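Peer 1: Below are the chains, spelled out letter by letter.
2 protein chains.
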Amino acid sequence: MILLDGRTTSEQIKKEITEKVEEIVRQGRKRPHLAAILVGDDGASQTYVNNKEKTCAQVGFKSTIVRMAENTTEERLLEEIRRFNEDSDVDGLIVQLPLPKHIDEQRVIEAIDPRKDVDGFHPVNVGKMVLGLPSYISATPDGIMELLERYKIETSGKHCVIIGRSNIVGRPLANLLSHKSIPGDCTVTICHSHTKNIKELTLQADIIVAALGRPGFLKGDMVKDGVVVIDVGITRVPADNKSGFRLAGDVLFEEVAPKASYITPVPGGVGLMTITSLLKNTLKASGI
Amino acid sequence: MILLDGRTTSEQIKKEITEKVEEIVRQGRKRPHLAAILVGDDGASQTYVNNKEKTCAQVGFKSTIVRMAENTTEERLLEEIRRFNEDSDVDGLIVQLPLPKHIDEQRVIEAIDPRKDVDGFHPVNVGKMVLGLPSYISATPDGIMELLERYKIETSGKHCVIIGRSNIVGRPLANLLSHKSIPGDCTVTICHSHTKNIKELTLQADIIVAALGRPGFLKGDMVKDGVVVIDVGITRVPADNKSGFRLAGDVLFEEVAPKASYITPVPGGVGLMTITSLLKNTLKASGI
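Top to bottom, those sequences are chains A and B.
Those letters in the first sequence? Residues 653 to 940, per the working numbering, in order.
Those letters in the second sequence? Residues 653 to 940, per the working numbering, in order.
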C-alpha cells in the first residue's frame with residue numbers, strides 16, 4: 653500500500669511554480685498577481701484567505717486581499733469585482749465563499765471575468781472543462797488529477813466509482829476522468845444518495861473517489877484488493893484530545909488501507925492539494 | 653414491450669408549442685423568431701435547415717435563414733452572428749454545423765450570444781446545464797429526457813449505462829440523468845472505447861443509452877429483462893432496396909426488444925425528437 657502524500661506533492665508543485673516565477677522575474681516580466689475578496693468575518697474563511705496569501709508570498713506571487721464588511725451590498729461587491737476585472741495587473745480573482753445570505757452567490761461567480769476565474773467556478777469554465785477545452789479546473793478535482801498523474805496511476809480503461817455528485821468535486825471529476833486524456837479514459841460511475849446498490853458498485857471499482865462527507869462510510873468489505881482510494885471527506889468529529897475533535901475522512905482507513913494499492917490519508921491527502929490548483933491557474937492566467 | 657414513439661411524442665410537443673404561440677399572438681405579442689445561418693452547400697445540412705424552417709412555420713414561429721457561400725471568411729460569418737446577436741427581434745440563433753474547414757467552429761459557437769444559443773452548444777450553456785442551472789439543453793439529450801418524462805419512466809435510483817462519451821450526446825446525458833431532478837437521480841455509468849467489460853456493465857443496467865454509432869452493437873445477451881433502451885445510433889448501412897441503404901441503430905432491435913420494457917425504434921425514435929428541443933429553446937428565448 654502506497655500513501656498518496658498530499659503534503660510532499662503539493663510542496664513539490666509549489667517548488668516548481670516558485671522556480672517558474674523566479675525565471676520570469678529574471679526575464680523582467682511581472683509577477684503573477686492574485687486578488688481575493690473576503691466578505692464578512694467568518695473564521696474559517698479568514699483562515700483560508702490568509703493561507704492563500706501566505707502561499708502566494710511563498711511562491712513569489714503578488715497578492716491583494718480586499719476585506720469587505722458582512723453587511724456589504726451585492727452591488728458594492730460587484731463593483732469591486734468589476735474593478736479587478738479591469739485591472740490589467742491582476743491575473744487571477746477569487747471571491748471567498750460562502751457569502752452572506754443577502755448576496756446572490758451565483759450572480760457574483762458569473763460577474764468574475766472568466767479569464768481571471770482561477771477558482772474555475774464560472775459556468776464558462778465549467779462548460780469548457782466538460783467539453784475538454786482549455787479551462788481553469790477547480791481546486792479539489794484538479795488536486796486529485798495531480799495526485800493520480802504524479803503517482804503515475806494507470807487510469808485508462810479502469811472503472812472509477814465516484815461517491816458524491818457535488819458540483820465542486822464528484823461531478824467535475826466524473827467529467828475529467830471520463831475524458832480521452834491522461835489521467836482519464838476511465839469508465840466512470842457516479843453514485844449518490846439515491847444509489848441503491850452502492851456496495852455492489854464499489855466492489856467492482858479499480859478506483860474509488862469518496863466525496864460524500866460521511867465519516868468512515870467506505871468500509872473494508874466494500875472494496876476489492878488492489879483498489880486505488882481517494883478520500884475527499886474531511887469532517888470534524890469529536891475526539892478525546894486537546895482540540896476536542898479530529899478530522900475524519902469518508903473512508904474507514906484502518907479497514908480499507910490494507911486492501912488498497914494506493915490511498916490518500918486524511919488529513920495529509922487531497923486537502924493539501926487544493927491550494928496547488930489556485931497557484932497553477934493564476935500562473936496560467938498571467939500568461940505563463 | 654412498449655415502443656418509445658418519437659413521432660407521436662414530437663407531434664404532441666409541436667402541438668403544445670403551436671397552442672402557446674397562438675395564445676401569445678392573440679395577446680398581441682410577437683412570434684418567436686429563429687434565425688439560422690448555413691455556410692456552404694452540404695446536402696445534408698441544407699436538408700436539416702430546410703426542415704427546421706418548415707417546422708418553425710408549422711408551429712407559428714418566424715424564421716430567417718441566411719445562406720452564405722462555402723468560401724465565406726470566418727470574419728464575415730462572425731459579423732453576421734453579431735448582427736443577429738444585436739437584433740432584438742431575433743430570439744434564437746443557430747449556425748448549422750459542420751462548417752467549412754477554414755472556419756474555427758468553436759470560435760463561431762462562442763460568438764453566439766448565450767441567451768440566443770438555442771442549440772445549447774455555448775460553453776456557458778453547457779456549464780449551466782452541468783451545474784443544474786437554467787440553460788438551453790442541446791437537441792439529442794433533451795429529446796431523450798422528454799421521452800423518459802412523457803412515458804413516465806422511473807429513473808430515480810436506477811442504474812443508467814451510457815455507451816459513448818460525445819459532447820453532444822453521452823456526456824450531457826450523463827450529467828442530466830445524475831442530477832437531482834425528474835427525470836434524473838440515476839446512478840450513471842459512462843462507457844466508451846476504452847471500457848473493458850462493457851457487457852458486464854450493460855447486464856447490470858436498468859436503462860441503457862447506446863450512442864456510439866456502431867450499428868447493432870447492443871445485442872440481446874448484453875441486457876437484462878425489463879431494461880429500458882434508448883438507441884441514439886443512426887447509421888446508413890447498405891440495403892437491398894430502392895435507396896440502396898437503410899438506417900441502422902446501435903441496438904440489435906430484434907434481439908433486444910423482446911427483453912426490453914421500453915425501447916426506441918430506429919428510425920422513429922430519438923432522431924425525431926431532436927427538433928423539439930430547438931423549438932422549446934426558441935420559445936424560452938422569446939421569454940415565454
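A couple of the hints might just be wrong.
Heads up, the list lumps identical chains together, so a pair's fine if it works in one copy or across two of them.
Cross-link-like lysine-lysine pairs, in silico, DSS-like; alpha carbons within 25 Å at most [to be verified]:
| # | residue 1 | residue 2 |
| --- | --- | --- |
| 1 | Lys-804 | Lys-832 |
| 2 | Lys-682 | Lys-932 |
| 3 | Lys-894 | Lys-672 |
| 4 | Lys-848 | Lys-911 |
In case anyone wonders, no lab produced these hints; they're calculated from the structure.
No experiment lies behind these values; they were computed from the predicted model shown.
Peer 1: Run the structure past the numbered hints and jot down the numbers of the failing ones, going up.
Peer 2: As far as the earlier hints go, only 3 is violated by this structure.
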